[in-house]
Amino acid sequence: MTTVRFDDKIVRMFLFATLFWGLVGMSVGVLLALQLADWRFNFEIPWLTFGRLRPVHTNAVIFAFAGNAIFCGVYYSSQRLLKARLFSDLVSRIHFWGWQLIIVLAACSFVMGITTGKEYAELEWPLDLMVAVIWLLFAFNFFATLARRREKHIYVALWFYIGTIITITVLHVVNSLAIPVSLTKSYPIYAGVQDALVQWWYGHNAVGFFLTTPFLGLMYYFVPKAAERPIYSYRLSIMHFWALVFLYIWAGPHHLHYTALPDWAQSLGMVFSVMLLAPSWGGMINGLLTLRGAWDRLRVDPVLKFFAAAITFYGMSTFEGPLMAIKSVNALSHYTDWTVGHVHNGALGWVALLIFGMVYWLVPRMWNTKLHSIALANAHFWLAMVGILFYIVSMWAAGITQGLMWKEFTADGLLAYPSFLETVTKMHPYYLGRALGGVIFLAGLIMLIINLALTIRAGRFSEGEIQVPEPKPIEHKPSHWHAVLERKPFLMAILALVVITIGGIVEMMPTFLIKGNIPTIASVKPWSPLELEGRDIYVREGCYACHSQMVRPFRDELARYGEYSRPGEFIYDRPFQWGSKRTGPDLHRVGGRYSNLWHLRHLEDPRLTSPGSVMPSYAFLTSGVLDLGHITRKIQVMKDLGAPYSEEQVRHAGRDAKWQARGIADDLRRNGVDVAPDREIIALIAYLQRLGTDIKKGGPL
Amino acid sequence: MEKKDEILDHGQDYDGIKEYDNPLPRWFLLMFYGSILFSFAYMAYYTAKTWSIADASGRSANLAWSGARVAAEVREAESGHANFVPPEGDALLSFVRSPGNISRGEALFKANCVACHGENGQGVVGPNLTDRFWIHGGKPEEVLLSIAQGWPGNGMPAWGASQGPEKVHWLTAYVMSLRGRSVSNPKAPQGIEE
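One line per chain: the protein sequences are U and H, in this order. So the first sequence is numbered by this note's numbering: it starts at 136 and just counts up by one. So the second sequence is numbered by this note's numbering: it starts at 649 and just counts up by one.
There may be inaccurate statements among the hints.
With a Cα cut of at most 30 Å, we get these calculated DSBU-like pairs of lysine-lysine [said to hold, decoys possible]:
| id | chain 1 | residue 1 | chain 2 | residue 2 |
| --- | --- | --- | --- | --- |
| 1 | U | 623 | U | 218 |
| 2 | U | 542 | H | 758 |
| 3 | U | 287 | H | 652 |
| 4 | H | 758 | U | 716 |
Rather than coming from a laboratory, the hints here were simulated on the basis of the structure. Just so it is clear, the structure is predicted and the values come from calculations on it, not from any experiment.
Throw the hints in and build the complete structure from the sequences for me.
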């Protein structure tokens, strides 16, 4: 017999990081909620405006809080399931510190406005490269440990980890492909419709393979451990694992219903979302029915409380998701707070509660003691429930109310709520309710941290050990066809790769290869140099966090915004900026709708032109001087990517930008306001005035 | 009938975790197979429909279904307003005085005009519409023309093309009703007193 000592120090490091980033990420979330309830929480500081802060929140809770929790749980459970210490202590530590460094750099870059403008993939290219390197190190460490395992069969939790590692690698690489302009700016190799399709293939599967599969894996380890009950059904785990990884990949287009994405791709996104319901519930069934025989302990054991609630929320979210993916439901829900509520149903209800249960279970075991206070943990549980309730109910009410207001017509055939602003100010009480829910949930997290800190202080940390027979354990004959695969994890990884690639290829390739999918429009021309700079400012400030650029083919949107958006209008948009939430109105047809002076006034003080608006003030764009240092390179990159600029236009890009800026400054002066033509706000106005106007210069559609 | 709650054994030890091999619940399988059947039927129905619309209209199949759907929706909604005959002279005067037309115009004004002319027409970036001063004339015909054709040099868009003649007339009715209204912080007068 030999002794295997597990590397639990790395588990401890990831556990602390989970709690720290959870606190940071959720605090930023509360600040954002307050900003929507009252614009003054933007503090008129560029770094703290909603548009720049939102990616800090989303990335912090997804990749820092949930990410560190995944690494913590995966490293703890894998070593025990494989009866082997992690392959390399050094790789583990590079993995840890590399990931934390990325998080810090990410947060700094987002508040500075360095962003790709693609949701949940906002990191610019140098950080994308770092993520790829660190993620592959994690993969290497994991697979090398698998190769050294002393348990021939690999348990279902590990299948989910394998699926996660393979898929996240593919998603990250494909979605991040871009041509750098400078160290802090790049343009994606995809444009418009294609960029949207790739991005939401990524975005949806970030939910699928970063917030679902790894946590199902953790559920399969920690729930039976904590409940001391057998997993309900082995064959159900096989069925729902393969069905989930195959079907999930196809569902991305449900984020793009009624947009300029081809109808057939939207339909595929919808039906695969509907088919996803059963495999998702397979996970819920296996989790909840594993708790059979342990229900009585739920009253006394906070860990089981958190697990049971997390699995229940998983079931609710995976029912709500397919529901919202049905096109006629989505017609109402999309762009409203219902989506925000749905996301938090999953993020707070499923991911966070599962993490809480996991750390409440882990800490007493790793520190060889008892949880400091069961009562405090129970109190945390109920606070979390109340917090989620406030959050989700507020968002349901807000989303459905606003969605219905947007669509309502009077008997005369006019919009019943013609002023978009009126539908925003109606949201105020719900936004207060949401902020309250967030504060309550955050308070619960603080209670958890205090409880665990006191537990740790009372205990003594030690690394886990087991005795194993050497050199190798006795072999067993596989008793089931799938059990053969469970003895060959690398074959399983390759199979998983094949399975997840199918959906992506079938949905993406036609839009790349078949011209008819994105019919070009002769009058749509590339952005002028100044407009491109303005567009980059629009991306930098995260305007897409609150404004869509996608008029959907609905009567109310035609009446409110104008002609619905066509695929051919976006072929020079890198990145696409269709958005996913309308806190403010759609902007695709804003070009030419207002005067330059109006835009200036509105950007400097939104409440001057739009009383009650929750938009931050962008007066700092009037003092900011436009940096034209990269304009030639920018136009050159766009030309290389296919925009029909002439050599002349590339060479004279800077001159042309200044010339156009002077025109706008002259117009402002004629209307009584002096703004120097070299200001950032001039470029942004140039971009806004061009938005969605090219289509009107052509013939009938 | 398969045995329930029997521990599975293929010689593995997963850190003490055991597994049953219970059969999948019937309702669960029905739900799964049902969703697959629905999906095939849905795809077949909508693909056929999209192609037939695309063939009939000569348009690309890409947004044929969405485009046809919204066009029908708008056509139906506006069918009652297709035969609008622009009133002139005295007919225009009585048109702009009709309370119904004024309230319809108000809804349109809130949607499109308040951003520049203010919530009550008091003027922000655009001129005050409640005073007696007019830059481009304050008679109904003149206001109608300003709205329909715009003054692009001054930032006033042409609304005729996007709104159509009937809505432009309703807007005129509302704007005419604004004159003389007392508002808080009105913009300083511009243009000629009428």
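Checked hints:
no.: 1; hint: 623(U) to 218(U); verdict: holds (16 Å)
no.: 2; hint: 542(U) to 758(H); verdict: holds (16 Å)
no.: 3; hint: 287(U) to 652(H); verdict: holds (26 Å)
no.: 4; hint: 758(H) to 716(U); verdict: holds (23 Å)
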